[in-house]
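Chains as they are written, first to last, in this note's numbering: chain A, 54 to 275; chain B, 54 to 275; chain C, 54 to 275; chain D, 54 to 275; chain E, 54 to 275; chain F, 54 to 275; chain G, 54 to 275; chain H, 54 to 275.
Keep in mind that a hint or two might mislead.
Chain A stretches covered by chain H per the calculated footprint, using a threshold of three residues with CB under 8 Å from any CB of chain H [claimed, not checked]: (1) 212-226; (2) 233-245.
If you anchor each label on the Cβ, the simulated ranges turn out as follows [stated by the list, open to error]: (3) C:183 <-> A:106: 43 to 51 Å; (4) G:113 <-> F:77: 34 to 42 Å; (5) C:191 <-> D:187: 20 to 28 Å; (6) H:193 <-> G:193: 35 to 43 Å; (7) B:194 <-> C:191: 30 to 38 Å.
Quick caveat, the hints were computed from the structure, so don't treat them as lab data. Ideal Cβ positions, reconstructed from N, Cα and C, are used throughout, including at glycine.
There are 8 protein chains.
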Amino acid sequence: MTSELNLDLLRSVRIGLPEAVLCAGKSAAQLRAIVAQLIEQKKSMLFTRVDDDAHRIVSEAAGGALPIDDDRTSRTTYVGAAPAPHAMTRVAVVTAGSSDVPVAKEAVRTLQWHGENALEMYDVGVAGLWRLVERVPELQTMRVVICVAGMDAALPSVVGGLVPGVVIAVPTSTGYGVARSGETALHAALCACSSGVVVTNIDNGYGAACAAIRALGAAKKP
Amino acid sequence: MTSELNLDLLRSVRIGLPEAVLCAGKSAAQLRAIVAQLIEQKKSMLFTRVDDDAHRIVSEAAGGALPIDDDRTSRTTYVGAAPAPHAMTRVAVVTAGSSDVPVAKEAVRTLQWHGENALEMYDVGVAGLWRLVERVPELQTMRVVICVAGMDAALPSVVGGLVPGVVIAVPTSTGYGVARSGETALHAALCACSSGVVVTNIDNGYGAACAAIRALGAAKKP
Amino acid sequence: MTSELNLDLLRSVRIGLPEAVLCAGKSAAQLRAIVAQLIEQKKSMLFTRVDDDAHRIVSEAAGGALPIDDDRTSRTTYVGAAPAPHAMTRVAVVTAGSSDVPVAKEAVRTLQWHGENALEMYDVGVAGLWRLVERVPELQTMRVVICVAGMDAALPSVVGGLVPGVVIAVPTSTGYGVARSGETALHAALCACSSGVVVTNIDNGYGAACAAIRALGAAKKP
Amino acid sequence: MTSELNLDLLRSVRIGLPEAVLCAGKSAAQLRAIVAQLIEQKKSMLFTRVDDDAHRIVSEAAGGALPIDDDRTSRTTYVGAAPAPHAMTRVAVVTAGSSDVPVAKEAVRTLQWHGENALEMYDVGVAGLWRLVERVPELQTMRVVICVAGMDAALPSVVGGLVPGVVIAVPTSTGYGVARSGETALHAALCACSSGVVVTNIDNGYGAACAAIRALGAAKKP
Amino acid sequence: MTSELNLDLLRSVRIGLPEAVLCAGKSAAQLRAIVAQLIEQKKSMLFTRVDDDAHRIVSEAAGGALPIDDDRTSRTTYVGAAPAPHAMTRVAVVTAGSSDVPVAKEAVRTLQWHGENALEMYDVGVAGLWRLVERVPELQTMRVVICVAGMDAALPSVVGGLVPGVVIAVPTSTGYGVARSGETALHAALCACSSGVVVTNIDNGYGAACAAIRALGAAKKP
Amino acid sequence: MTSELNLDLLRSVRIGLPEAVLCAGKSAAQLRAIVAQLIEQKKSMLFTRVDDDAHRIVSEAAGGALPIDDDRTSRTTYVGAAPAPHAMTRVAVVTAGSSDVPVAKEAVRTLQWHGENALEMYDVGVAGLWRLVERVPELQTMRVVICVAGMDAALPSVVGGLVPGVVIAVPTSTGYGVARSGETALHAALCACSSGVVVTNIDNGYGAACAAIRALGAAKKP
Amino acid sequence: MTSELNLDLLRSVRIGLPEAVLCAGKSAAQLRAIVAQLIEQKKSMLFTRVDDDAHRIVSEAAGGALPIDDDRTSRTTYVGAAPAPHAMTRVAVVTAGSSDVPVAKEAVRTLQWHGENALEMYDVGVAGLWRLVERVPELQTMRVVICVAGMDAALPSVVGGLVPGVVIAVPTSTGYGVARSGETALHAALCACSSGVVVTNIDNGYGAACAAIRALGAAKKP
Amino acid sequence: MTSELNLDLLRSVRIGLPEAVLCAGKSAAQLRAIVAQLIEQKKSMLFTRVDDDAHRIVSEAAGGALPIDDDRTSRTTYVGAAPAPHAMTRVAVVTAGSSDVPVAKEAVRTLQWHGENALEMYDVGVAGLWRLVERVPELQTMRVVICVAGMDAALPSVVGGLVPGVVIAVPTSTGYGVARSGETALHAALCACSSGVVVTNIDNGYGAACAAIRALGAAKKP
């Protein structure tokens, strides 16, 4: 079974981001083989899209050999030790609605896994504009703002016109009908009127956090 | 040629909205036949989507027999006399950008053809939020607000959360790439987070104005 | 958990429409937190898309502290007291088929929550034209007609040519194959030949009712 | 050049429908080669989608060797002799709007090429329902009714519920925005609520006429 | 509950096709109300898309009051008496694969309900061309050939070039990936190279049979 | 039941590829009839898309009469005897990720059923480029390389620029959001920058193996 | 200008296929720079998608310094010397209609540029099945059959069931309406019922020829 | 005319990015009004999507009152003075092919307008992998890498796995057929296997540069 797997354990050295394990689509045998390899090599790794079955499989495979830190809202599991957090909060994660929270939490958990705290600001969609407006000053101090929104994804457009930091839109699959499982939010975010808004795949809180890490990491370079 | 046409001249009596002529797709012979019929029956009519060729054909066909009032920005022509305007301004037409103005003007001209003035408020897209916010009090007094916006169409979501009147979103075909000739704006507007926003076809300023007339006319009924 | 929620309890003051709770996508914990907040603040609220699980959670959370009025066809729940109904029936809700009834009922229940009665007229699709034609006089007295139809959504086109009131099309996800879960009905309604038909998202009976409230409420303004 | 062509001159014997030439996509050399072959074999043939360039090429190639009967509205050309018309009118061709007439005329001309007259009934779309209703008795006597309609294509649904004959919907590429060059009309027609409506490709007046010929021809068989 | 239903019991008189009941999307209460109405009025009716639950509900509702003839492959139920079959077989129902058989059977059962026998010819897709070719003579005697095919739907193109009768393509939702639940088959059938092939919605065996009845019935008219 | 089936048992003689049975979409009765026919005619056959139910049905139907060789990862079953393997390994099957392995295994099993070994190389996606680069020399000796990849399907582009053999891309339905169940991978593979990459339907490991057999078999011809 | 270009002149050594120049999308300055580089390095190269402007630019740039062999039907230009043809004809290029010929010729010209002759067989679409059937024996001797077809692309399905060689489908953008500029043909070809048909991008005659070269070249390897 | 415009001249103060003028969709009168306003207020501004007509209009309007720096490849115009360049090159702009250069140049020109130099690296697509690989060390020193690629957009996936900086993918509308005017590249880039790649709208070189400025600017904040 292991021959089906080919973990890129040196990725962290190369690009500053260690490989993570997307559990969706992996068989139980593959998940067990990954955990076994981590135990053997004394490595730690972030698991994402961990549904309840995968959670059980990974926990059992880790046994007591590796510490497990799991979060069911974000469906993420830390296998092995996480780093100490950075002293400052440099990234905000903002959602339009409460249904967007699980995706936002995936971003927050990924940031924490890389040692970054996050300012969490939820349910501030533009239909009730003042909820957002009164918190703009906080957002203006952030180096990165991750906007998690489904439906019409108007949030990143508004935020992009108000803050100077990197604005990353994460469209979500919330909504129904012509929301088209997030495609409308995705396309709307790509057409955001504010300059320089960038976008990830639908529900990709993990990817947004990685992009934020890249942006912060870049800051250390000349 | 006339046998290809079948004008519904009693529509105004039935639903309060006279038929209008969508010039796009009609042959020169058909346009001439319509104008001849109007001259013969001493009627007036609104022509929309009047490109430069259609404008020339209609003008020549009308000759001096009927007054012509044409506007090239909105590509609309009044053939025959328009009604006197209503005393109050009850409808606002708002655009996100300056590229949306031709569609907005189609709405304004259609409103005027039915005797309604319009408050025109252009280029107040949410990327520069304060342009819109400072004019919200004016919008809150309107019975109908027509929001004309392309790209991500965030404008109707924001307006819908701020005003009590009927909010009609008109998506426009401005933009490029994934704006998809207005489909992204259309789908985003249909997913607007604010409750009770309704939507027309892409670039359909005429239809939005008709819906506004319906809403205002309805007010006269019990 | 409450920090994930940010209810806009003053929306009613601002735009005349109180916020409602779309249950789909919300976690059990979020639903419980909303009900707790309502109990604490002695507020009432409309819940929509209440599947059987959500219904159980909301009912249990309300306990005896707030009255509950639930309807399983429309999947709506009133938590707290509803207003007294308006004296006149000013809105009709019409369906093409019997499969469209749940969406229609969502509109009717939302109207009632805002104090409006509705004339309900079901299964009058255009394939059996006389079912509709014989009831046109009733529809012509309405200030708003909500047309709920799936498949080819021919109903709003026909109705829009027969009545002077506001015509709101609600496409539904009924049908199969190229009905595409309501997208064909949506696009057809947006292309309705009758002037001034406006459209909501697929299955959005709630939104159509809110638009009707806006149209009726607008009538009170100058 | 002739080796690029492979006319199926015996098709008429096999299925009762002779081959026709779709000019769109064919080079000038190919068109000339086809006409030359017809002259040589003393055959006649229907040409469709004959734009002005193709019209000129075909006319010149035919010279005086074959009679030419061309119609610019339908963009069809008869090269060679057409059959005598059938004594009865058994097919109606109906359009929703005047922009649909060119496609309707392609059907009419194809029917005539096969010896069938057509009852032409144009601009009777359902937005002005009485235009259609008053002519239903005529349609009820027809063995085939071809409904040509763009936009929301509500016409075939209504007609299908009123007449017993074969109902063939031809969606057209008229309209704009979400009409999507006829795809919305196509999908709506395929979802027509009336039982047994069948559909052709967008703008395919030729195909609808061929299907009508099949239906009529079939009537001669046991 | 009955007020949600509005059966068109005179449709048969008007267009020669009685109304049928599409069970999908109908609630148990609605199905029971329909059967009760049939019992009360001593009518019979065809039920389609009868899944196992609907089958049980309909059977129980009919009790012994009306005869029931159910077929699980086609998911159709005759409630009440069916007519005697026509003396001749005038319609063929052909499938490309064995997965298309349930849809084909829906057509066959609908034909039988209207008194028409059907020649059934299954699993003769063009990938094994000779299976089809050796049976062409049988097909050439038919007045209507219904071609049921998914995937690339090449079957109606080939059949359309070989037989003179009406050719009705029924695309099916068989296949996977880019078969797109039947949309590829649908679009391919609409583009069939053979002249005069007409098409129904995906999996619409019922509609194809109704169109066949129209074509045969038409033959009785002048 | 057998009359619903029409196995093409001579296909192997005609094109060198025996027919296989795609279980998805087939009823239990149809599967049993196929196995019965194989037993009767003493033939062997490859079954694909064998879910757990189908696996049980086929196994039971074969009883002891025919040997069964089943693989649950690839969901393939050999019913009857497989040929001896070819002496050389001429085909590589490469995957981008570990989630693509089931599709790859379907290709491998199909190859083995036709007597071809396969070099299996898994989880070498371009995000960790060196995993692939270090194994290019092996791939350069292969006559066919089957690239199985979902998401952005960048793998076939890179491989196509590095090896001289036939490169067949098999897009997979792995991924989420805008991966669109494999359509993005499909379209990306069709746009592969490297010359002469060919593509199969999504998840069609069976088809890719058949194409490889054609390429190898062709090599025996002049 | 040259810094915008980065020709991969060693590709031929690596994968057996030299780089070609896709003219579409390249500026005049870029085309001139490429030709200048070829003259300087005494190389030859195939240019594709050479519209009339590009043809003039390339011809002028080559001056007398390099031989030019241009073909306007296929819009291909050989700049520099082509190889001597292979002794045997191992590839057939087949089209469904005469409108598909330009794409077929692009494949033929690309094959010839690599030293391969092609059997050209045009206008043998399945609507006139016997045109194809009578030529099947010729096709059965070929190692590769390239099927060029638009509309419903039924041709590769039929051919794939009749010949043992590699079958490559090239969908074309011929047709109208739901042909969708070749997407329907593309998707239909990917769903071809015959096993092991592979597919290229729409109108990609060049790519199909390259795939054929790969298949033939593979034959030389062990 | 000026009332149609509402320039956001303080945007630079708020978010660090001055407003720019997207010329596409703006009328000649609007462009002239913008330039007049700049002259009056002594401001400078970047114009993008400046086609030849717009270029002429803007140049004439500026007269000698403001300096003009225009680039036809990128279709950008600087109206007024540009800032002095930053001392270090911190952003790379990379293209897959030479057809992607105009979009890349739009990014480069936008960067320069904000005082940033760019490392330009063109025509290094993954079909010729070594062109890219040999330049990876340069890319690894960059804080931002903008990857401009059409077709299958494999470039950002490969780059994202090799460099630690921010990776921004700009899909382009190059290519044909299923490239779908850039949608395939867009969707593929959003599915990029490498972690943390972010994406802009199709052909949006301007937006990518703005995002890069945000990332660099962010570095100055705490």
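Structure-based check of each hint:
1. Counting residues of the stretch 212-226 of chain A whose CB lies closer than 8 Å to any CB of chain H gives 9, so the stated coverage by that chain holds, three being the minimum.
2. Three residues within the 8 Å Cβ limit are the bar, and the stretch 233-245 of chain A against chain H gives 3, so the coverage statement holds.
3. At roughly 56 Å, the beta-carbon separation of residue 183 of chain C and residue 106 of chain A lies outside the given 43 to 51 Å, and the hint is violated.
4. In this structure the supplied range 34 to 42 Å is violated for residue 113 of chain G paired with residue 77 of chain F, their Cβ-Cβ distance being about 58 Å.
5. For residue 191 of chain C paired with residue 187 of chain D, a C-beta distance near 23 Å keeps the hint of 20 to 28 Å intact.
6. A beta carbon spacing of about 55 Å between residue 193 of chain H and residue 193 of chain G contradicts the range 35 to 43 Å that was offered as a hint.
7. Hint check: residue 194 of chain B to residue 191 of chain C, Cβ distance near 34 Å, so the stated range 30 to 38 Å holds.
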